[in-house]
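One letter stands for each residue in the lines below.
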Amino acid sequence: MKDKVYAAFLILLLTPATALSQGFAGMGQSADGFAMPDPETRFSFPADHGPHPDFRIEWWYLTANLTGDDGRDYGIQWTLFRSATASGDDTQSGWNSPQLWMGHAAVTTPDAHHSTERFARNGIGQAGVEASPFHAWIDEWSMQGPSLKNVNVTAQGTDFGYDLSFDAQGPFILQGEQGFSVKSEAGQASHYYSQPFYEVSGKLMLPDGEVSVTGSGWLDREWSSQPLTADQTGWDWVSLHFDDGAKLMGYRLRDASGGAYAVGTWIEPNGETFPFPNGVLQAEPLVITDVDGREVPTSWRVALPARGVDVEIHAVNPQSWMDTTVAYWEGPVRITGSHTGRGYLEMTGYD
Amino acid sequence: MRKTAFLTLLSHWRRHPFQLVTLVLGLALATALWSGVQAINAEARASYDAAADAVGGSRPVIVAPTGDMDEAQYVTLRRAGWLVTPVVEGWMMTDQGRVRLVGIDPLTAPPDVAAAGVAVDGGLGAFLTAPGRILAAPATAARLSSGDLPPVTATEGLAPSLAFTDIGVAQRLLEKEGRLSRLIVLDTQPLNRPALSDIAPELEFRPSGGQADLARLTDSFHLNLAAFGLLSFAVGLFIVHGAIGLAFEQRRPVFRTLRALGLPARDLTWLLVVELLVLALLSGALGVALGYLIAAALLPDVAATLRGLYGAPVEGALTIRPAWWAAGMGIAVAGTAVAATGALWKIARLPVLAPARPRAWARASQSTLWLQLAAAAALVLVSLVSGLFGSGLVAGFLMLGALLIAAALTLPALLSGFLALAARTARSATAEWFWADTRQQLPGLSLALMALLLALSANIGVGTMVSSFRLTFTGWLDQRLASELYVSAETAEDAAALVAFVEPRVDAILPIWNVEAEIAGAPAEIYGVADHTTYRDNWPLLARLPDVWDRVAAGDAVLVNEQLARRDGLWPGTMLPVPGGPPMEVAGVYSDYGNPLAQVLIGIDALTTRFPDVERLNFGLRLDPAEKDALATALITEFGLPPENLVDQNALKGFSIEVFDRTFTVTGALNVLTLAVAGFAILTSLLTLASTRLPQLAPVWALGLTRADLARIELGRALMLASLTMVAAIPVGLVLAWVLLAVINVEAFGWRLPMHLFPRDWLVLGVLALLAAGLASLWPALRLSRTEPAVLLKVFTNER
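Same order as they appear, the protein sequences are chains A and B.
Sequential numbering from 1 applies to the first sequence in this note's numbering.
Sequential numbering from 1 applies to the second sequence in this note's numbering.
Just so you know, these hints were derived from the structure itself, not from any lab.
Hints may be right or wrong, so weigh each one.
Claimed, not checked - Computed footprint of chain A on chain B; a stretch qualifies when at least three of its residues, placed anywhere within it, have a C-beta under 8 Å from a C-beta of chain A:
#, region
1, 165 to 176
2, 331 to 339
3, 578 to 591
Stated by the list, open to error - Every beta carbon over 12 Å from chain A, so not counted as near; a handful from chain B, in silico:
#, residue
4, 71
5, 72
6, 78
7, 88
8, 93
9, 123
10, 128
11, 129
12, 201
13, 202
14, 343
15, 629
16, 632
17, 687
Note that the structure is predicted; figures quoted are calculated from it, not measured.
Even glycine gets a Cβ: it sits at the ideal position worked out from N, Cα and C.
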């Protein structure tokens, strides 16, 4: 029943549940009445840290690789999704606002994965994002600070919680061409920027007690009205922090015919970016894990020959399944091979 | 052997098909009334449960003790970590009566809220954004046809009589923008959250929400129906008893022959038990089917009553529930067992050499009458004890039940005494024979007469109650609805313009402003009352302090309705805590029929001081009745008041009386049915007697009375006994009415009604009773008058 009630959230609420066949979580639908990503758009911060209600979907996606004072590896996720059931937000307020919010939070330990979700209406103050001073919230979860470079992040579920501060040590990174990120040969695209240089410290609340943690965090900001084509069935996405200070973001959009569209960005320690086109990034599953009855690749070989990268990534906890209404795999990974480090892996469409 | 014996026993029914019909029909009728009433009650209760579960079920709720809360409170709680979901609800007027509208938030609603699931499946975007959608069960959807509502989607499986929509749409339709009725606390809550008192001290946590109130409120109504069903069943059992007695009596020769041929008494008894069981199941099935028809016919009225009187969410559509099928069959079998135990007992101990002739009913022994009187006395005692020391509805009905059975048990002794006295007045041999013969028949008829007594006194009692209630109610309406016109404005600005418009045209403008609040721990209405002669002259006060109206106008005293006064002992002189200020003294109590809620009247100034946010939109207008129509026209055409915002005093009264009458439609129908069953009981008893009385009538015939004379005497006897029973029923019915008015009504509704007598109704009922008895005896009498002389002669030649 719960699934039935909520599955529609990312299915984008416009049509009955049959839309499931149209790409992962319905992101392959048409964008009637909504603004479309424009390659000429140039971001203006801090305004663009705030919501873009003319676009149908948008997210503030924060992950962090952490080490506890007990020496163990941890990962956390804090995500706020915005979704519009209809265009024209400005004309309607209060409960009539067509904008909805969904929050996901998770803590991953080597032997457990805690996750939970929240839903909220726009227009009544239950959830929202303000650009400056920065404040994103849903219910009691929040991401707040003088600016997005320096935020305090909290969330909790029935058996876990966290309270962490994120301090950016480098610039915001524009993905794709000046933040215009193409998702398919057909030209589907989104606006996309990241902040991969967060230093993180704080504490996790776990069933066994509190743990003090430090580590590195990564924020993805993305908005669009139709980021996937109808035959794209899901994606595999990584954000990797190499120990030498370089970063790599790459993703592979799988389509129904078994092909994929893979792009990404190489980020130098100083923040210089080198986007790479489709076909350059190599990614091959190494280990398939049974996750709650689904077959999910939890170890990968990732290679970017142009940068001398040829690494294996292994899930800290292969069972990092987000058992939320819209379910997917999301968890921290360890990197070995030509480079070492830590990162985050997200895989959708494995239902 | 057993098979042959069984077929032999069954052959009786083939030769006496009418007896079979009587037995089956009697049992079916009894079962039908019982299970019909049960079906209605079950349907209504299921509706309450469905409505209670429709939003949140038994989860805890957070409410504002003063009524609605600001929706900002919801956000405050959510942002503090309290996982709650908002609900706003209220009544919505449609062309076809009131509908309860429930606004939900499908995003945060718990997963078992069916409407939320439907909203998502049907396209959440359309549900959430203007104009929105209304979801309702098909029967409810059919009542939602007003023009300016959002599109209505009929959806199977939703709670009856509720209309669901998004919270924002509901707020707009209910004119509760920015307000919420309650917050439902979800099952899972996060790790840490502050105490409710730290974040919203003005809100209150209640362990369970739901509509328990509704079940309590309507309990009386359902108990009433159940009592009626039981009464009908008891009356029906008399028929069954008569039919079984007849069948057994007539088969005595067969029984004796079977025994003489070697069938053990045990086997014979068991065969009869099986026979009765088959008949009981057959009649039970027929009865339940009939009961379904009765319930289906009555339920629309019952549902309308429950909605109108209590605001209970019930629709007029009946669903078949296996539970009451089973219960109906069970009660048919149990009833047959009760009715047949005596007869079976005799068969089991029948000596093989017992006389085979049909035995006329033995004359009532004095000891039986004394036994019955003793039982009646004990029951009167039970009734008195439960009346004096018991409390609550069940005690009230126990009192009633014991009283009725006691009256029924007293009847044979009463009639016997009367007949003994009458016999002394006999001046001729025929008259002496008539009285003696009547006394001899009394035991055979007494069960049927008891049934008649029960039916008649129930009729008188309930009829007196309803008529007294109606008389009081109409008188009260005249007092209560004193204003000639009632108007309401849409907004505060409209209200000001409206007042300015009517001010020069009327004698007085009486504000009718109210808030919903909590008084003495239960929901209540607080009304403001202007200082005006309308109230001083008309308001129906039951108890008062001196200067009551001056003190209310001064704002230091209140009036409470009778329900509240009786429930919490708030009589004049006591202090009542009223929200928004210091406690106030109760200065008077007024009658307030038909209102399930507690109500408090305070001065209009005190109301606006204590509740500054009170909506000031409704007014009563006093003016010369002759100018009423002109003003109404002016308001609509000149001022532009929407016609639905203007109610004429007469229309309001008419509507109230209509609701009242509909409330008792069911009672009336059950009354008629019960009387019919009692008439049927007399018929079967007389038929039973007729066939066994030939040996007694033959000598009288031989002595010179014609068959026509005999038939006339039989008819006259039945009419006389019915009249006597009717006379006895009047005092019993009046006691019943008194208990209903002074005990049951107070317990059930919280008001006590004055009793009025309606002798003309008794006359009508008496004629009906005579008609029933006359019709029932006509056929046996006709048969007697056409009996072949040879048959009468045979009495002297046969076994005797």
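Worksheet item: residue 632 of chain B clear of chain A by more than 12 Å, beta carbon to beta carbon?
Response: holds (36 Å)
Item to complete: Just double-check residue 201 of chain B for me: nearest Cβ-Cβ distance to chain A has to come out over 12 Å.
Response: At roughly 19 Å from the nearest Cβ of chain A, residue 201 of chain B sits farther out than 12 Å, so the non-interface label holds.
Fill in: Cβ separation check - residue 687 of chain B to all of chain A, threshold 12 Å
holds (61 Å)
Worksheet item: Against chain A, does the region 165 to 176 of chain B show at least 3 residues with beta-carbon separation below 8 Å?
Response: holds (count 5)
Worksheet item: Taking the minimum C-beta separation from residue 129 of chain B to chain A, is that value above 12 Å?
Response: Violated, since 5 Å does not exceed 12 Å.
Worksheet item: Does residue 93 of chain B sit more than 12 Å from chain A, CB to CB?
Response: The claim holds: residue 93 of chain B sits with its nearest Cβ about 22 Å from chain A, beyond 12 Å.
Fill in: Non-interface claim for residue 202 of chain B versus chain A (Cβ beyond 12 Å)
holds (19 Å)
Worksheet item: Holds or violated: is the Cβ of residue 629 of chain B farther than 12 Å from all Cβ atoms of chain A?
Response: holds (42 Å)
Worksheet entry | Given coverage of the region 578 to 591 of chain B by chain A, checked by CB-CB distance under 8 Å (3 or more) | violated (count 0)
Item to complete: Quick one: work out the minimum CB distance from residue 71 of chain B to chain A and report holds if it exceeds 12 Å, violated otherwise.
Response: Violated, since 6 Å does not exceed 12 Å.
Discussion item. Please check whether the beta-carbon of residue 88 of chain B is more than 12 Å away from every beta-carbon in chain A.
Written reply: violated (10 Å)
Practice prompt. Please settle this one: residue 78 of chain B was flagged as non-interface, so is its CB more than 12 Å from every CB on chain A?
Written response: violated (5 Å)
Violated hints, in rising order: 2, 3, 4, 5, 6, 7, 9, 10, 11; the structure is consistent with all others.
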